[in-house]
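Trainee: Order-wise, the sequence lines are chains S and V.
For the first sequence, the residue numbers in the numbering used here are 1419 to 1691.
For the second sequence, the residue numbers in the numbering used here are 1419 to 1691.
Check each hint, because a few of them may be wrong.
It does not matter which identical chain is used: a pair holds within one copy or between any two.
Here are the simulated DSS-like pairs of lysine-lysine, each with C-alpha atoms no more than 30 Å apart in a straight line [as the list claims (entries may be wrong)]:
1) Lys1654 to Lys1631
2) Lys1654 to Lys1576
3) Lys1683 to Lys1669
4) Lys1683 to Lys1654
Hints in this document: simulated from the structure, not taken from any laboratory.
Protein chains: 2
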Amino acid sequence: MSRSYVHGRSDRESTRLLDQASGLGLLLHNGTTYPAGSTVLEAGCGVGAQTLLLARNSPQARFISVDISAESLARASERVSGEGLINVTFGQADVCNLPFRHGTFHHVFVCFTLEHIPDPLLALGRLKNVLRPGGTITVIEGDHGSALFYPETRAAHKVIDCLVSLQRQAGGNALIGRELGHLLADAGFVDITVSPRQTYASPAIPGSSEAVKRIFIAMIEGVREAAIAEGLSDTKDWDRGIRDLYRTTEKDGMFCYTFFKAVGKKGDTAPDA
Amino acid sequence: MSRSYVHGRSDRESTRLLDQASGLGLLLHNGTTYPAGSTVLEAGCGVGAQTLLLARNSPQARFISVDISAESLARASERVSGEGLINVTFGQADVCNLPFRHGTFHHVFVCFTLEHIPDPLLALGRLKNVLRPGGTITVIEGDHGSALFYPETRAAHKVIDCLVSLQRQAGGNALIGRELGHLLADAGFVDITVSPRQTYASPAIPGSSEAVKRIFIAMIEGVREAAIAEGLSDTKDWDRGIRDLYRTTEKDGMFCYTFFKAVGKKGDTAPDA
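Turn these sequences into a full structure, and let the hints steer you where they fit.
Mentor: What follows is the structure, given as structure tokens:
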């Protein structure tokens, strides 16, 4: 996995991801707690945005949080220690090539990771291998096709499409949220539930439009140079699209986005991949 | 209001609308009940799809359900009587030219009506006039831009866009759901809340994909002839798009759609329009 991520690692991105986790924590983590004594693999912890919430919400569970990037892990570790949380162990690992024995974990948690992986089905198979029979996997991903806003302009959609295209070029899929149900089924998980988690922002709801700027628009802005370098946009169109996105956070504007959360179980007799 | 609706009045459409109301009843009507003794205007009741649910859910409230179409009213009345409901009175009226005195109603309910009206702000102003100070207005509308599905194809989006274009040509707005918040604010309502109500369908969820076929795809199919006659599509592209929509209800497919429900209050000192 030497390919580079489209987004997720710069300084501004780290801030964005931590903002994202705190602001969206309730929405995304609602329903996710792990029993005392259970061992949970967080696959693709990045800079620790979700790790903090996992560790706080299940203080009696033990988390093994892995990521491919040593740099991200260092930040995640610092952040988690800084909060006084002692139930997380970090380790460098490739989600598609995990250094754990079969059936090591009671549960697996994956958030904003499959979107970057060229073969999400392979990753899910590997995660199933290290999960105990009867254990659960929780997967959370966004889907940029869910962005619905007012005023709606073609220019705004085009800058979003630039990120979708760049992520696809890098082997990822920014529209993976809608696929979580069938991906878990195809990977052999059972008792699958999918719950869309939709955000609605407008200037009338305190803080909501600020979150759209900090989280969504900042993410799009992060690929400006790449989009222009790849010929997917030019300076003028790009700036118009970004301006139009900001406009959705003002006056009569609104912005909706849907995350998808899927939970599946490894059957008691599931064969390993 | 002599313009014709893009959809909503044929026999097949009546069935579709009744299906829609029963299947989506819980999702859309959750939170909507009216106190005993209150008088509620349902503006644009059509064939009575929502009327049934309103009357059942608030048996001690009295509903005045109006529509511009005598034919729709006859069906609505028959349906409501057939269910033994006695708390609804029907009347023919134009939402933008209501035959009621100012402050007649304790509450107003409007569902799938503003999408057909060229000047929704005018309609909301008229509805505010007949509402008592302190009374609420509840507005529910879909937004076809919220359709998110897998597999996603351009052909499928194009047939949806045909309906959006035809509805716009007829003076309506199939993307009005996202605008409910600012429309209520612009009309002078206060204490406005907007709650997106998202449906998620997949073959793994019993009945859900059937509902997508009966409700959403049937609605799109209803404008086939008009779309082709207007040159918005041709037979081949149309059939491909419809086939692709059906595909989202099969195998690994999924289909999401968001309705928007907005509630506002007429302030105690609100001036009439």
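Trainee: Now look at each hint and say whether the structure bears it out.
Mentor: Structure-based check of each hint:
Within a single copy, Lys1654 and Lys1631 get their C-alpha atoms as close as 20 Å, which meets the 30 Å cut-off; across copies the closest is 42 Å, which misses it. Taking CA atoms no more than 30 Å apart as the test, Lys1654 paired with Lys1576 passes in both settings, with 12 Å inside one copy and 28 Å between copies. Taking CA atoms no more than 30 Å apart as the test, Lys1683 paired with Lys1669 passes between copies only; the shortest distance there is 20 Å, against 45 Å inside one copy. Proximity of Lys1683 and Lys1654 under a CA criterion of 30 Å is satisfied in neither setting, with 48 Å inside one chain copy and 43 Å between copies.
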